[in-house]
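> Each chain, letter by letter, is given below.
Protein chains: 4
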Amino acid sequence: MSYANERLPREKVFRDPVHNYIYVENQVILDLINTREFQRLRRIKQLGTTSFTFHGAEHTRFGHSLGVYEVAREICDHFQRNYPTKAAGDGLWDDSERLVALCAALLHDIGHGPYSHTFEHIFQTNHEAITVEILTSEETEVNRVLRSVSPEFPEKVASVIQKTYANKQVVQMISSQLDADRMDYLLRDAYYTGVKYGTFDLQRVLRSMKPYQDGIAFDISGKHAVEDFIVSRFQMYQQVYFHPVSRSMEVILDHLLQRAKEIYEAGNGDEDFVPTLLIPFFEHRFSLEDYLNLDDGVFGTYFINWRTANDQILADLSHRFLDRKPLKSVEFDSETATLIPHLRALISDAGYDSHAYTAINNSYDLPYDDAYDPKMKKPLTQIELMRSDGSLVELSQESAIVNAISGKLSGDQRFFFPKEMLIPEDGGINLFQDIFNDFGRYIHNNQLTIPKE
Amino acid sequence: MSYANERLPREKVFRDPVHNYIYVENQVILDLINTREFQRLRRIKQLGTTSFTFHGAEHTRFGHSLGVYEVAREICDHFQRNYPTKAAGDGLWDDSERLVALCAALLHDIGHGPYSHTFEHIFQTNHEAITVEILTSEETEVNRVLRSVSPEFPEKVASVIQKTYANKQVVQMISSQLDADRMDYLLRDAYYTGVKYGTFDLQRVLRSMKPYQDGIAFDISGKHAVEDFIVSRFQMYQQVYFHPVSRSMEVILDHLLQRAKEIYEAGNGDEDFVPTLLIPFFEHRFSLEDYLNLDDGVFGTYFINWRTANDQILADLSHRFLDRKPLKSVEFDSETATLIPHLRALISDAGYDSHAYTAINNSYDLPYDDAYDPKMKKPLTQIELMRSDGSLVELSQESAIVNAISGKLSGDQRFFFPKEMLIPEDGGINLFQDIFNDFGRYIHNNQLTIPKE
Amino acid sequence: MSYANERLPREKVFRDPVHNYIYVENQVILDLINTREFQRLRRIKQLGTTSFTFHGAEHTRFGHSLGVYEVAREICDHFQRNYPTKAAGDGLWDDSERLVALCAALLHDIGHGPYSHTFEHIFQTNHEAITVEILTSEETEVNRVLRSVSPEFPEKVASVIQKTYANKQVVQMISSQLDADRMDYLLRDAYYTGVKYGTFDLQRVLRSMKPYQDGIAFDISGKHAVEDFIVSRFQMYQQVYFHPVSRSMEVILDHLLQRAKEIYEAGNGDEDFVPTLLIPFFEHRFSLEDYLNLDDGVFGTYFINWRTANDQILADLSHRFLDRKPLKSVEFDSETATLIPHLRALISDAGYDSHAYTAINNSYDLPYDDAYDPKMKKPLTQIELMRSDGSLVELSQESAIVNAISGKLSGDQRFFFPKEMLIPEDGGINLFQDIFNDFGRYIHNNQLTIPKE
Amino acid sequence: MSYANERLPREKVFRDPVHNYIYVENQVILDLINTREFQRLRRIKQLGTTSFTFHGAEHTRFGHSLGVYEVAREICDHFQRNYPTKAAGDGLWDDSERLVALCAALLHDIGHGPYSHTFEHIFQTNHEAITVEILTSEETEVNRVLRSVSPEFPEKVASVIQKTYANKQVVQMISSQLDADRMDYLLRDAYYTGVKYGTFDLQRVLRSMKPYQDGIAFDISGKHAVEDFIVSRFQMYQQVYFHPVSRSMEVILDHLLQRAKEIYEAGNGDEDFVPTLLIPFFEHRFSLEDYLNLDDGVFGTYFINWRTANDQILADLSHRFLDRKPLKSVEFDSETATLIPHLRALISDAGYDSHAYTAINNSYDLPYDDAYDPKMKKPLTQIELMRSDGSLVELSQESAIVNAISGKLSGDQRFFFPKEMLIPEDGGINLFQDIFNDFGRYIHNNQLTIPKE
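Chains as they are written, first to last, in my numbering: chain V, 355 to 807; chain C, 355 to 807; chain X, 355 to 807; chain H, 355 to 807.
Hints were generated in silico from the structure; no laboratory data involved.
Among these hints, one or two may not hold up.
Copies of the same chain look alike in the list, so a pair counts if it works inside one copy or between any two.
[As the list claims (entries may be wrong)] Keeping only pairs whose Cα atoms sit at most 25 Å apart, straight-line, the calculated PhoX-like set for lysine-lysine is:
| id | residue 1 | residue 2 |
| --- | --- | --- |
| 1 | LYS577 | LYS762 |
| 2 | LYS679 | LYS399 |
| 3 | LYS773 | LYS679 |
| 4 | LYS806 | LYS682 |
All values derive from a computational prediction rather than experimental measurement.
Same shape as in the complex, but just chain V (with noise of 0.2 Å):
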């Protein structure tokens, strides 16, 4: 038998506290599961600084792409189960496919890096171009399980991730509006946070789904399971991914991260505490074997040392970061934008680096996209439901409640600051009352406000 048909003896099963067990049937998936690359995502926590809001929220990538994997196989149990093709391009369920899909699900994330959002953002790296890499690169231990599958398939499983790949069901399956990746990180960043507004009905939803010739429609008697993954969606964005004190310690990091970085370019950091695992990203020389050693791990490794920091800003942000003190924020829109340049003026004024202490923040998602547009960044197809005449309908013209959140950007900006500009440390005369007091006068009902005279 070859490697790619390789079954376990015996189903083999991991305990996930969301999809109770995953099941591993092939060889090949244990194996991947077994590489270094992918035993790294355990040391990379799921959602970042969220922790520090939701305090449960700890698990990392690892549990996650596992629970990928587990609804990408349900799918193709259920597709087999009732839409097993029976003539080429008759547009049913090819289960030769299979293992290309779940291992586009597995590995779907394998390029992230500590705090994600940040890191790229400091030191403009891509993860889903290293997640590219660690599949076709000859180095690592993943591209070294696919290859054993046949040469091409490191390509094939990347061109699935990439959406390049020909059959638009695998494609669809993995990355879609309503994908296996995005039904598994609702459900369990909302089993972790503890909050109930990412959960929805699974099964109900995978029971919906039907492969047709153009992806996976949903059948129209699904809607409103449908309907309640999108708004789900939507809920969580608003109330945990969106969460003002998560964005704020990245606000922190970010200041964190960027100082350190400025110290090292200009040379005068402290010798004693040389953050060795940075060194290759400071100097924009970095292989994919430096990017594989960092993890969350190594970042507060670095800011523990930085805490005593001869840099006092470097230092402060160390000890705002690991002893959680987060700033303030407001929200404000184009008109009291205009305001911001006289608050940081106030902050200056009481002491503060206006640089390193303040910051915008813009945190928008499109909850539902009825509008499909090759030209986009990331276009992804809408929703199509099923009616039982096979003719098809795209979601928002089946959901008033849909359609009421469909193509609209959904977030807001805010301002950040420290909060002891509002409420300061010492509750008796402090030297810049003058100063608090008209910074106070600009917030109202938790906004940025032009006062009345």
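Let chain V serve as the given structure and place chains C, X and H on it in line with the hints.
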């Protein structure tokens, strides 16, 4: 209003996946949570190497500590609602004990370091002594908060944790065979691992608790809920806490730290990979500050560095820990223990340093102790059931199930060795085939076995 | 101590699958639960014919009534803990309103009979009027308990249910667009049906509730929890409460009772099968006692008798109801409604009494009403969100999702007919094949459709 | 394609709160569900009088029967996926046994009537014999469906239920100490009552099951899951099934039916309240048709009628059953049993018919039977654990917990009497006060007790 009695204007909540919400009503509690020492618990996994077996179990001591606080808070509420004291010495609940109980609950684990069990073994530290030090040393933020309640308050909280506090209800709420600590960790570890064994009926147990002169008893109507708790705990030990793969990873960690220490002591480590934050421990001269600088990520960072160390064993053990390459293990007993020297010799013959690559590990727990013995290292009072006439009966007298596991150590002793001894990496002919064949003869049904001729 | 303030020596609990425990603290509440009128609710299913579609939904109005009580109790506790009144008229919570609120919550559905909707249609009764009668009529046990609190207490509780009570916080707690009733039934119906749609974050919604001068508002930070509640309720209506199969069984029940009534009025029923307990209703001269004698089982018993009645239609409809043989249905609109007379003619031609075997059923609900209109039959106040400065904003102004479904009736109208018209029982040649063929031309994608030529 | 092999074009599902979905793949199964005899199970509560104690437990035998089917289906899937037979007699799973297994699972309880235990006691019926009759009698719809599979199929299914079927794997799947029936009812009863005891790890137990020559064994790695199942079942008996209040309501029901029968036999019932559907049973001449006409609601309807009967005892017992007025009870043992005649005399003296108002009830269960004894009334094979070398070991040899409750009857015997004997209705002076005082002397800690002088 004094700081001790300062209530938040409106209760503050932390979203928690296990208890749904953690309710904070006192300013003191909120201030303790915001200390540097408490925030540090976010970086120390609750179950150490268990997440190598149960990938979901990535939760930290931070959430557990909040959970113990919450369970204690609910016990106080229940006592105050149903059994408030009417006269001093009536054996009912005196709610002026609430704050000391809540602080002790919150802080009972604050002295834990990364992978405590292993760490304490290698560096001869003691997390309970450190807990007391953190509470009472003037240099900590925790102490500063406690001191603000009253000068003697830090010692008072420490005495609860040390079980010398006069009010036995408070002591037993925090440390006994059915305390807030155990209640939280069973539920939490079950939630995060995804196993079902740890679940018991928290509300039913809480409702059964009754304060009395000598501490806390349980209404006899709640007998089965208490029994279920004991069985759940027993099963969690068997299935989760004593899992051979997690213990195997702990063995690797132990040998790895031991090796690093020996190399340091011998003075021949790589210059590039100096484990700055560990040196005070290698040199047996660490301060509380040094201790508080450690966390799981610090260890991981050194392991990443050491993965390419010159010392082959240090490098390989680091790789095994980071990339999850557990040792294999088998049970043995006093009779088959005699085989171990021969097996170690075979392992040496196959090219392994048998000091670094084999180990014996015993894991035993007393599921329930029905015989209080003050001479024991950690004596715990028995669980007493209260009949409707107020008379008491010890749990194992009433429950055949508890009686069956009462007073008997439960667990096993295992011999750990490289799994390559059983499953040679290369499927074909092997130089060491004879050795492997000999080795395999001693293992049957996952146990060390004296071969029949 | 007066009866009104009599607290149980220790709180009593009822185990409940939805709220875990129902806590009873007052003797009055316990006495109400033990009345004959309240115990009768055990014999009346909460969701009538819905269990024919969702077999798990066999729960009764008894559990729901306890659940509404429990939610109201938790609201009172939250209000008393966080917003206790300090001075009369300050708009905060006055805990002396607790007992009237709890009694109204417990008893709000006490006037329901079996299959209320159908029953009221056939016999022109009104469960709300009967609720008030049960509270205020001296012949009931409920009234005797309430009267023991004070002579005017029965009327006081009744006025809460009738929404004429002065304290708007109490009224809105029991009847409003987000009241204890709706909160319990969504969670309970979701639990028993097994669907996921009805779940929302009860604790989060409860925590958001704030008493104020004009009733109960919701803190704006809980906006998404409130939004989620509205969406959940909308989806439960779409997926569960309006399910066509349940409505079909209700149509059968309606026609069956109608037929029985006509037979009785015509005086030609079978002598053996006299529906003793229904006769007062057939004769429009029923007493409260007669009403309280009815339950689901009484109906079922008569149907079992009627299954072998001489009247073929009565017998067949009884069989269809007992043995779950639903009619089939299709959606229609104002245009396709014109086809119905022709379809009814075809159904007659195929041998069915089209009066007994066809029906039109409209099911519509207002998911959220953003425009309070006191002239409406059952006006409900809008949901108001409270900003941090105390100002209010109506929910649909803040939530695009709620706005999308606000003020618009949601549901459908369906035409019901024997499914044999589409799937002839005998697979072979059929005398009525031409009729069936003609009939089938009008149905496409489960909708009534004007056929293309 | 033959009817036996006819698969639905697409699997059909029933939403179930316990298993989420019940999957139906065969036309035969769907047809069986739609029979009149199976639909009748919707009108028979699973736990009889238990809902008087646990109000949530209003579920019927319909859902349970679907659940047992679903568990059996999952076992078949697991066996076929992991242990498919390769050669006749190899002891592995032969999937051609699937249909007979599924039908037996679905229909195993079809002979149950309302409140079976009591009913069988009064009317000397036997639900197992009736199950076989429903399967094999040509007059039933169930038989017609089974017959369509093949002429001998009804007998085949019946033989599985009677445990005479040749394939022991199929027999043990349906009736053994760890069968699909027990697995479903524990989970379902726990879900509906809301208690936590009944929950065990279904998926883990299922995964441990292994077909072998003599039936079904359990992989030794699943030992603790099996142990947990046994403990859960033990606790459900102690806490739910044997609850004194439910048994008290059963006592009332028993006495009520007995009284009605005696009145009928004496020929002096009220003319108005003839229990038509019960008469065949009073006269010991009932047909299968008569039996199938009974359900919980029929009983309730007669009780409503009898509540105003001329016979005072019949009327009062009806009231007590309908309005939930349980008797009180105390435990006794062989020694204190001697007190009962005296207590009965006191009860008579206080004006009660001691035949109607007192009772003795024993409830015992064997939590686990480690000694298979074919001479027992219902012998059940022991649970066998399979080691990795294929050898077997009986469960209680491996589990101290199971051993502790193995082979020992568990339960109690109680004496039931009017609670007015202890808590006189009128708080003031009472004619019978001396009697009550004497009575109370014999009861201590809820047990019958010989008073100390």
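> If you check each hint against the structure, which ones fail?
none
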